[in-house]
Structures are given as C-alpha cells and as structure tokens.
Amino acid sequence: MPVETAPYLLITGLAVAVTLLLYRLRKLEKIVKELTEFIEYVVAPKYRILGQAVAALSTSARCLRALEKASKKPRRRYIAFYIVTEDGKAPDPRELERSIRESLERLAGLIGVAESNISLVYYDPEKPAGIIRATNTTKYLVLAALGLTRRVGRKRVLLVPVRTAGTIKRAKKAIQLIR
Amino acid sequence: MKAYAELCLRPKSIREAEAMADYAALMGIRYVGVEARERSLLKPFIDHGVEAFTRITIEASSAREAVEAVRKVRGLYDIVAVKPKGVEAARFAARDGRVDVVTLTPGMARYMDRSEARLIQLGGGVIEIPLNQVLERGARGLRAAAIIARRASAYDTPFTISTCATSVYEMWHPRSLQGLLVSLGVPENHALLAVSGYPISVLRRIMREI
Numbered sequence: 001m002p003v004e005t006a007p008y009l010l011i012t013g014l015a016v017a018v019t020l021l022l023y024r025l026r027k028l029e030k031i032v033k034e035l036t037e038f039i040e041y042v043v044a045p046k047y048r049i050l051g052q053a054v055a056a057l058s059t060s061a062r063c064l065r066a067l068e069k070a071s072k073k074p075r076r077r078y079i080a081f082y083i084v085t086e087d088g089k090a091p092d093p094r095e096l097e098r099s100i101r102e103s104l105e106r107l108a109g110l111i112g113v114a115e116s117n118i119s120l121v122y123y124d125p126e127k128p129a130g131i132i133r134a135t136n137t138t139k140y141l142v143l144a145a146l147g148l149t150r151r152v153g154r155k156r157v158l159l160v161p162v163r164t165a166g167t168i169k170r171a172k173k174a175i176q177l178i179r
Numbered sequence: 001m002k003a004y005a006e007l008c009l010r011p012k013s014i015r016e017a018e019a020m021a022d023y024a025a026l027m028g029i030r031y032v033g034v035e036a037r038e039r040s041l042l043k044p045f046i047d048h049g050v051e052a053f054t055r056i057t058i059e060a061s062s063a064r065e066a067v068e069a070v071r072k073v074r075g076l077y078d079i080v081a082v083k084p085k086g087v088e089a090a091r092f093a094a095r096d097g098r099v100d101v102v103t104l105t106p107g108m109a110r111y112m113d114r115s116e117a118r119l120i121q122l123g124g125g126v127i128e129i130p131l132n133q134v135l136e137r138g139a140r141g142l143r144a145a146a147i148i149a150r151r152a153s154a155y156d157t158p159f160t161i162s163t164c165a166t167s168v169y170e171m172w173h174p175r176s177l178q179g180l181l182v183s184l185g186v187p188e189n190h191a192l193l194a195v196s197g198y199p200i201s202v203l204r205r206i207m208r209e210i
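Quick note, the sequences are listed as chains A and B, same order.
Quick note: the first sequence, position 115, residue 115 per this note's numbering, numbers continuous.
Quick note: the second sequence, position 77, residue 77 per this note's numbering, numbers continuous.
Hints should not be assumed to be uniformly reliable.
In silico BS3-like links for lysine-lysine, alpha-carbon gap of 27 Å or less [stated by the list, open to error]:
#: 1; chain 1: B; residue 1: LYS2; chain 2: A; residue 2: LYS127
#: 2; chain 1: B; residue 1: LYS12; chain 2: A; residue 2: LYS155
#: 3; chain 1: B; residue 1: LYS12; chain 2: A; residue 2: LYS173
#: 4; chain 1: A; residue 1: LYS172; chain 2: B; residue 2: LYS2
#: 5; chain 1: B; residue 1: LYS12; chain 2: A; residue 2: LYS89
Now the in silico label distances, taken between C-beta atoms and shown as ranges [stated by the list, open to error]:
#: 6; chain 1: A; residue 1: ALA66; chain 2: B; residue 2: ARG110; range: 33 to 39 Å
#: 7; chain 1: B; residue 1: ALA3; chain 2: A; residue 2: GLU86; range: 25 to 31 Å
#: 8; chain 1: B; residue 1: ARG110; chain 2: A; residue 2: ILE111; range: 25 to 31 Å
#: 9; chain 1: A; residue 1: LEU120; chain 2: B; residue 2: ARG110; range: 55 to 61 Å
Since the hints were made in silico from the structure, they are not lab data.
C-beta atoms are modelled at their ideal positions from N, C-alpha and C, and glycine is treated no differently.
Throw the hints in and build the complete structure from the sequences for me.
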C-alpha cells in the first residue's frame, strides 16, 4: 500500500466508525422512546388507579374516624363555680340552672344547649357554689354562658368559674378550697 | 395560678373599687387598668395585691386630633387608650408608640385589617375589644367582636378583651372571657394570651417606661 493513501484510509475508517456509532445511538434512542411510550401506556394508568385507591382509602379512614368520634360517648367536664349575690343569700338552684341554660341558649342557640347537655349536678347553698356538668366539646361555651349569666330570678349575680375538672370529685375539691 | 390582666375597670366609688379589687384578687387578676378621675380609687387594688394602672380613653376622629390629645395626656396616665372614629385615627393610634391600647368598637371592626395589624406590631400596643359595647349590640356586636378577634389572631397581633366593668356584677372571670373568645372561633392558646400574655406584656412595657 502506498504511503500517501494511508491518511485517507484512516479518515475513511474513522468516518465509517462514527457513522456506525451514530446509527447505533439512533437505534438505542428509538428503543428508549418505545420503552417510555410502553411504560406510559401500561404503567401510568396503573399508578393513576393506585393513587385513586389511596385517596379513597384515606377518605374512608377519615370517615371511619369521624364515625368513631360520633359513636363515642362524649367525655364529661365538671365546671366548679361560686356565686356572688347582692344580699349574700344563695339563689334557688332550679332558677340558677334555668338562668345558665337561658344564657347558653342566647349564646349558642337550642342546638348548643342540646349538645352541651348541661345540668347542675352539685349545689352548696352555704358557700354558695355549684358544679355544672357539660361535655368536653362545649366546655368553653358553658364557661362563656356562666359569664353571661347576670341575673338569677330578680337577683343580680356573678358566677365565677373556679375549675374545670374531668371528675365530680376533683370539682368538689376545688369548691372546698373556696374561702 | 395563672396571672391575668384586665385593662379596663371603671369603679365609681371607693366602696365599689374595694369590692372589685377583692374579687379581682380572687379571680387571679394581677394587673388592672383603672379608668377613674380620682387616683384614690387605685388604692383598694394595691391593698389587695393587684397592680393598678391609671388609664384614659381618648376618642379621636382624625390623626391630628389624636396627636394633640395624646400629647396632652402622656405622662399623666399610665395607660393611654385611643378609640378611633375614623380610619386615619385608627392607623395613627396603631403606629404611635405613645398609645398603649387601640379600642376597636364593634362598629370599627372593618379597620382590623393586615395594615392595622402590622402597624400595631410596630407601635407595640394592643387591640382592645370592649365587651360592654359588644354585649350592648347583641348578635351584631358578637359578630363584630368575632371578626376583630379572629383577624387579630390570624395576623399574630396582640389583642385583648376588656369588660370596662363599673361594678362587681359587670366583671367577668378571665376564663369566661377565654371561653367566649374560643366560642367566637379564636384558637384556645390565642384566647388565653388575650386575657393574660398580651395585656401583661403591654403593662410590663409601661412599667419599664415608668
């Protein structure tokens, strides 16, 4: 082989190699594209279905939790309070309960009264002090209602909450500490 | 026992002040703002271990009016409260460092916006909801109070609720006030801050200035 033709042959060889490489690259790209399309076509809907299933599951879990909460017995709260009157005499417990109920109705409506399920469970006319029972979800409403109650019958009163407890025993203890 | 604060009490006589001081101490109220012409009405509170501060409420419809009034009373009273009658006065009162309390009546609920909240944070004061005026207006008053309290809570602005009681029978226990705020839609922790933390921080600032 003549010496002058050697570089041309080398260049030609390189060109052929590059062309082959490019051809293979194209082929590979084509395969990748086909694979991606295949994945999108087959797998993506499955993921979508999976996502929907997860969402449905979480919704049903939330529903279950809500149902559980609704079916649970509401926890009771006992609010101990003392009464300040103008003449220092204790008001009638029935009138007192009615006044608190009316205040609660003024504040939260009939549904609020029904939900709170309030009742005067303990009354000490000597202090005078009492314990009112409510539910844990409505304790703040009842506390506000105690603040709103300004009259029992014709007497001006001030109801001062002392403690909110989970048991009547603890609420009674709080009342005993009142001077 | 948690320390509570009541920024507005208006006893009319020494006897009334004594009774109020007695019950304030029983309720756990450690700091009170007393709006009275005579300084002698503060003495019963101090005797009962309640820190009492003199307070004045200025009504202003414009910034100029507010500036003049604040300049006149600064130094004479511990707590300077401004009850704005217009948006300009509300903005001035919120921004001015000499004003400690901005009283927003139910009719002024619309002024409690983001700008007012930022200005209050700059000025170092507190937004006050007067409960006596809220209850006078009934459901509408409560609605306005809910708007003010909820917005103040959302913008992390110091706010408080004051009874402005003139007698023992108009006083509210701070827990009842907290209960009312929670019922109006304010988060529990913010409601507690409204009757203890926020007003106490303003009073501490005043004490530092004194």
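Hints, verified against the model:
Taking the CA atoms of B:LYS2 and A:LYS127, the gap is about 24 Å. The hint holds against a cut of 27 Å. The hinted pair formed by B:LYS12 and A:LYS155 meets the criterion: a straight-line CA distance of about 21 Å does not exceed 27 Å. Distance restraint check for B:LYS12 and A:LYS173: the Cα-Cα separation of roughly 36 Å exceeds the 27 Å cut-off, and the hinted pair is therefore not satisfied. This hinted pair checks out: A:LYS172 and B:LYS2 have alpha carbons roughly 21 Å apart, not beyond 27 Å.
Among the hinted pairs, B:LYS12 with A:LYS89 is consistent with the structure: their alpha-carbon atoms are about 25 Å apart, no more than 27 Å. Distance hint check for A:ALA66 and B:ARG110: the Cβ-Cβ separation is about 36 Å, which falls inside the suggested range of 33 to 39 Å. For B:ALA3 and A:GLU86, the Cβ-Cβ distance of about 29 Å falls inside the hinted range of 25 to 31 Å, so the restraint holds. Between B:ARG110 and A:ILE111 the beta carbon distance is about 29 Å. The supplied range of 25 to 31 Å therefore holds.
Between A:LEU120 and B:ARG110 the beta carbon distance is about 41 Å. The supplied range of 55 to 61 Å is therefore violated.
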